[in-house]
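Undergrad: In order, the protein sequence lines correspond to chains A and B.
The numbering used here puts the first sequence at residues 1 to 141.
The numbering used here puts the second sequence at residues 1 to 422.
Keep in mind that a hint or two might mislead.
[What the hints assert, rightly or not] Capping the alpha-carbon separation at 16 Å, the derived lysine to aspartate or glutamate pairs in EDC-like fashion look like this: (1) B:183 with A:109; (2) B:127 with A:29; (3) A:48 with A:7; (4) B:182 with A:7.
[To be verified] From chain A, some residues computed to sit far from chain B (all C-beta separations above 12 Å): (5) 5; (6) 7; (7) 18; (8) 29; (9) 46; (10) 47; (11) 52; (12) 69; (13) 70; (14) 74; (15) 82; (16) 84; (17) 101; (18) 127.
To be clear, the hints were calculated from the coordinates, so they are not data collected in a lab.
Cβ atoms here follow ideal geometry from the backbone N, Cα and C, with glycine treated the same way.
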Amino acid sequence: MHLIQKEEGGLSEEIALFLAKELNLPPVEVYSVASFYSMFTVKQQKAKYIIRVCVSLPCYLKGSDKILEVLHKELGINSGEVSADKKFFIEEVSCLGACGKAPVMLINETLYDNLTPEKVREIISQLKDENSTEEYSQTGL
Amino acid sequence: MKIVLRNIHKQGYKGDIESYLKEQGYTALKKALTLSPSQIIEEVKKARLLGRGGAGFPCGVKWEFVYREKEFPKYVVCNADEGEPGTFKDRLILENDPHLLIEAMIICGFAIGAEEGFIYLRGEYFKAYQILERALEEARSKGFLGEHILNSNFSFHIRLYRGAGAYICGEETALLDSLEGKKGQSRVKPPFPTFVGFKNKPTVLNNVETFANITQILLNGGEWFAQIGSSHSPGTKLYCLSGDVKKPGVYELPTNISLNQLIEEFGGGVEGELKAVLPGGVSSSLLTPDKLDVIMDYFHLQEVGSMLGSGAVIVINKDRCMVDLAKRCAEFFDYESCGKCVPCREGTKRAREILVNITRGKGELKDLELLKELAEVMFDTSRCGLGQSALNPVRSSIEKFSQEFEEHILKKRCPLGICSLC
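All chains should be built: construct the whole structure from the sequences, respecting the hints.
TA: Here is the structure:
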């Protein structure tokens with residue numbers, strides 16, 4: 001399912017039915033699992049960059065709401081929406097386990113920490129221009 | 001005193017198998033294979049190691065339960081679904097010293113008579129996933145994992161599983177359901193996983209940090225470990241400091257440290273003026289500044305009406321509105337409740353509604369009584385720890401900061417100007 005989510009951006013009805021048949025399960029079982037977990041979606045949300053912003057308490061204390069504000073403004077979308085060019089998707093998530101370097105966000109599989117509004121603007125403008133996350137990849141303890 | 005982080009804090013330590021072998025890596029496993037299972041369990045029992053995931057159940061007793069079960073196959077499961085907001089200790093171990101965990105799981109398998117183990121990893125820990133996969137491969141290629149480990153008759157396999165973003169899957173029975181490929185929803189306890197666990201077979205389920213203590217216990221003996229830290233829960237604990245503190249991070253310290261020492265000596269002090277501390281993540285009750293000399297172990301924190309949980313110490317300063325924070329905690333639990341049992345599913349929803357109303361200036365005084373009652377009912381009747389502890393921060397902030405709540409309700413104003421109240 002992780003693979004399908006990554007490749008297809010969600011488990012559509014068609015895929016769920018296929019999976020149920022392959023695994024010899026009732027389709028409802030597949031659907032219930034897909035809809036239960038927040039990292040799986042039943043609607044297709046395909047975007048090049050999935051931005052997950054932590055909104056749990058430690059990050060909130062360090063200003064995650066301002067990070068979200070900047071993202072909303074820079075990308076012109078709200079949380080839970082895909083940008084018009086299908087490049088960005090913003091999601092508010094629970095703790096990402098890096099509270100020592102709060103606030104943090106995860107873009108695809110890369111963690112960005114110790115964020116400030118300026119830093120976020122920089123990261124986003126880089127992604128808009130160069131299509132590369134590598135240069136900025138950084139995580140710590 | 002470092003036990004869990006002893007390797008990680010050494011300069012140049014990379015966490016791969018070569019570095020690990022240089023630091024006595026897999027010598028505990030070699031020693032274990034010369035002992036009998038009951039001897040190993042005896043050492044762990046002597047150490048009085050308490051489960052570090054939050055419940056604080058004696059690890060040796062757990063192993064013994066499973067060892068004595070007659071049902072086969074048995075399983076070893078590692079809970080690496082670290083999800084409690086404010087907790088980031090397991091990630092540190094997983095990413096920087098994965099073999100410490102792998103070796104301990106193999107030893108556990110040998111001690112209880114299991115041949116298969118699982119690591120249930122959080123879906124969001126992408127980096128840890130790659131590191132663990134590589135570490136497992138390294139262990140296999142060196143003969144520490146797989147068939148006939150170190151030419152003995154003992155075989156053990158470990159499989160790595162990824163979760164998919166559900167906080168509830170850190171609860172042990174929900175984790176097992178998720179591991180079996182179902183929705184992660186809690187089961188009724190008892191029976192406990194030690195008797196009816198993965199695929200209804202006897203299962204040892206321990207947290208990453210618990211496992212990370214095992215190799216040192218075997219090498220130095222249980223008695224050595226039992227002398228460290230507080231006598232109620234010996235050893236060291238990884239404390240995760242976050243929030244309004246000058247030097248946030250993970251600190252490994254003996255369990256007899258006080259909260260004050262932890263924040264002042266190691267965390268570099270509070271940023272701003274201290275208002276309250278959540279000593280065990282958002283599931284624990286708030287402590288006010290007059291309780292700062294409490295000893296940070298399971299027993300003493302319970303005595304002052306809170307809990308250690310996973311050791312997530314969240315510091316809150318005077319610029320924060322408690323009503324706003326209580327609302328945030330309630331929103332989190334409403335989102336993460338698995339929906340299986342009624343008290344939690346409905347309770348978390350209503351608590352959020354009431355608190356949102358208060359922050360919008362639509363609260364009434366009787367709401368506060370209602371919330372306290374709700375916290376009590378959920379504590380008594382919820383099926384698992386999530387529901388039982390969900391309203392701890394809400395209840396304790398009403399009790400300790402009632403003035404703030406009353407001002408929101410009666411004067412329709414937020415003293416700190418954080419809640420919009422319209």
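Undergrad: Each hint needs a verdict: does it hold in this structure or not?
TA: Status of each hint after checking the structure:
{"no.": "1", "hint": "B:183 with A:109", "verdict": "violated (24 Å)"}
{"no.": "2", "hint": "B:127 with A:29", "verdict": "violated (30 Å)"}
{"no.": "3", "hint": "A:48 with A:7", "verdict": "holds (11 Å)"}
{"no.": "4", "hint": "B:182 with A:7", "verdict": "violated (22 Å)"}
{"no.": "5", "hint": "5", "verdict": "violated (8 Å)"}
{"no.": "6", "hint": "7", "verdict": "holds (15 Å)"}
{"no.": "7", "hint": "18", "verdict": "holds (17 Å)"}
{"no.": "8", "hint": "29", "verdict": "violated (8 Å)"}
{"no.": "9", "hint": "46", "verdict": "holds (17 Å)"}
{"no.": "10", "hint": "47", "verdict": "holds (17 Å)"}
{"no.": "11", "hint": "52", "verdict": "violated (7 Å)"}
{"no.": "12", "hint": "69", "verdict": "holds (15 Å)"}
{"no.": "13", "hint": "70", "verdict": "holds (19 Å)"}
{"no.": "14", "hint": "74", "verdict": "holds (23 Å)"}
{"no.": "15", "hint": "82", "verdict": "holds (18 Å)"}
{"no.": "16", "hint": "84", "verdict": "holds (26 Å)"}
{"no.": "17", "hint": "101", "verdict": "violated (7 Å)"}
{"no.": "18", "hint": "127", "verdict": "holds (17 Å)"}
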